[in-house]
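This is what each chain is made of:
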Amino acid sequence: MEPIQIIVLRSLTISGTATLLAALWSIPLAYLLASSRRFRPLVYFFEALVGIPTVLVGLLLYLLLSRNGPLGFLELLYTPQAIIVGEALLITPLITAVSYQTILTGLSYYRELALTLGASDKQAALLVFRETLPSLISSVVMGFSRAVGELGVALIVGGNIKGYTRTMTTSIALATAMGEYEAAVKLGLVLTAIAVGVSLAVRLVRREWGSE
Amino acid sequence: MGIRVELRGVSYIYPGSKSRALKNVSITLRNGMCYGVTGPNGSGKTTLLKIISLLYKPTDGHVLYNGTDPWGGDITSYRKRVVYVHEKPVMVRGSVLDNLALGLRIRGYNGDQIKERIERIAVKLDLSPLLDRNARDLSAGQRQLVAIARALVLDPDVIALDEPYSNIDFRKRKRLSRVVNELRGKGKLVVISSHDIGLLVSLCDYIIYLENGEIVLEGPAGEVYRELLSEH
Numbered sequence: 001m002e003p004i005q006i007i008v009l010r011s012l013t014i015s016g017t018a019t020l021l022a023a024l025w026s027i028p029l030a031y032l033l034a035s036s037r038r039f040r041p042l043v044y045f046f047e048a049l050v051g052i053p054t055v056l057v058g059l060l061l062y063l064l065l066s067r068n069g070p071l072g073f074l075e076l077l078y079t080p081q082a083i084i085v086g087e088a089l090l091i092t093p094l095i096t097a098v099s100y101q102t103i104l105t106g107l108s109y110y111r112e113l114a115l116t117l118g119a120s121d122k123q124a125a126l127l128v129f130r131e132t133l134p135s136l137i138s139s140v141v142m143g144f145s146r147a148v149g150e151l152g153v154a155l156i157v158g159g160n161i162k163g164y165t166r167t168m169t170t171s172i173a174l175a176t177a178m179g180e181y182e183a184a185v186k187l188g189l190v191l192t193a194i195a196v197g198v199s200l201a202v203r204l205v206r207r208e209w210g211s212e
Numbered sequence: 001m002g003i004r005v006e007l008r009g010v011s012y013i014y015p016g017s018k019s020r021a022l023k024n025v026s027i028t029l030r031n032g033m034c035y036g037v038t039g040p041n042g043s044g045k046t047t048l049l050k051i052i053s054l055l056y057k058p059t060d061g062h063v064l065y066n067g068t069d070p071w072g073g074d075i076t077s078y079r080k081r082v083v084y085v086h087e088k089p090v091m092v093r094g095s096v097l098d099n100l101a102l103g104l105r106i107r108g109y110n111g112d113q114i115k116e117r118i119e120r121i122a123v124k125l126d127l128s129p130l131l132d133r134n135a136r137d138l139s140a141g142q143r144q145l146v147a148i149a150r151a152l153v154l155d156p157d158v159i160a161l162d163e164p165y166s167n168i169d170f171r172k173r174k175r176l177s178r179v180v181n182e183l184r185g186k187g188k189l190v191v192i193s194s195h196d197i198g199l200l201v202s203l204c205d206y207i208i209y210l211e212n213g214e215i216v217l218e219g220p221a222g223e224v225y226r227e228l229l230s231e232h
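Here the protein sequences come in this chain order: A and B.
At position 52 of the first sequence (counting the first as 1) the number is 52 in the working numbering, and the numbers step up by one without a gap.
At position 111 of the second sequence (counting the first as 1) the number is 111 in the working numbering, and the numbers step up by one without a gap.
Among the clues, some could well be false.
Simulated pairs of lysine to any residue, SDA-like, Cα-Cα distance not exceeding 20 angstroms [stated by the list, open to error]:
hint	chain 1	residue 1	chain 2	residue 2
1	B	Lys-186	B	Asp-157
2	B	Lys-80	A	Ala-201
3	B	Lys-88	A	Leu-104
4	B	Lys-115	B	Ser-128
Simulated from the structure, these hints should not be mistaken for laboratory data.
Kindly produce the complete structure, drawing on both the sequences and the hints.
Below is the structure:
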């Protein structure tokens, strides 16, 4: 068994990168959906995908990335990058759907305020972004929590390779299968501590920033 | 040059709705006057104020500022002449001072100008003791006063106040009424919506009474008041 701290660090790096990547496109997408009525029907699509099974995302990505798949030439299968892409896709609906609600509320409050104070559309958008930032961070953190705790993608497209793609969840699955319950429980506790710690940090940020 | 706002056959339908919130409203508002807008709940008071304030584009008809349709040109430059204050105002993160400075910062004023303007309005509305307080910790009445100050600090030509007295105590009401009179004296165009017809009569020159999105009664404040009393 690899040292726990190495596995934890690898998991945090992979899920952290996936979360940043997903936030990069999900928040602008949420703004687009919230600010234009034409795109609103797409929201239902993203909301429906929030609970998509992780194994299904893993399977679809596997078919895309496998040697005979359309993206096989990228040679990403069984790499940390494949897990990053998979987790980013997995949490995109979650971050988009939650950010959408935040931005929609923000638009109704702060956009009108900005416009009536003489702001341009760009200045109004910036004010909405600034005022909803604590809630947007919360939605990103929710995405991170889902990414770090998922198993399907990491197992199917990562392959649980020791020292390379082994994450906390795949390690727990492996340790359980091998009867190493103590190691599995230890990792489970670390995973829980991370989820609770992140949640507390978000609460603190929101309190300090005074979300309305 | 003073401002004249005309509404010509203005109707408004909220996105996703089928019924008209305002129906064929035509009226001319002139500077140096205070207009009171009243009527039952859902009669279209807020919609009318938002149309006048250029926050809503009429579904039908035109809004003209000194004869020009702002929606046909640079709407942002026209919006800088008018301010709308919401009945339940939103405060941005930060202190009262930050909130008062928001519009000035948006408009590119420098630090000294911002300070000078805020000090002046804070004295006028008795907000000086609140300047360093977290704006989101204020009471509803204090928020309303801060929102009004945040609007007035911009020195707009048109001020639309949506139920400005709803949460304000008696002493603050008197102070605010003095400010409204002062604005009118300075040649500003003030539009106030309220359910309190008595208050509007005491403050405004002209009253518009709405029902189901239509103007059913309008005229000099005293006349409208008498007519409404005789009807009910």
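We went through each hint and held it up to the structure:
1. Lys-186/B to Asp-157/B: holds, 10 angstroms
2. Lys-80/B to Ala-201/A: Distance ~40 angstroms between Lys-80/B and Ala-201/A Cα, so the pair is violated.
3. Lys-88/B to Leu-104/A: Holds, at about 18 angstroms.
4. Lys-115/B to Ser-128/B: Given that 20 angstroms is the threshold and the Cα spacing comes to 12 angstroms, the pair holds.
Hint 2 alone, counting from the list given before, is not met by this structure.
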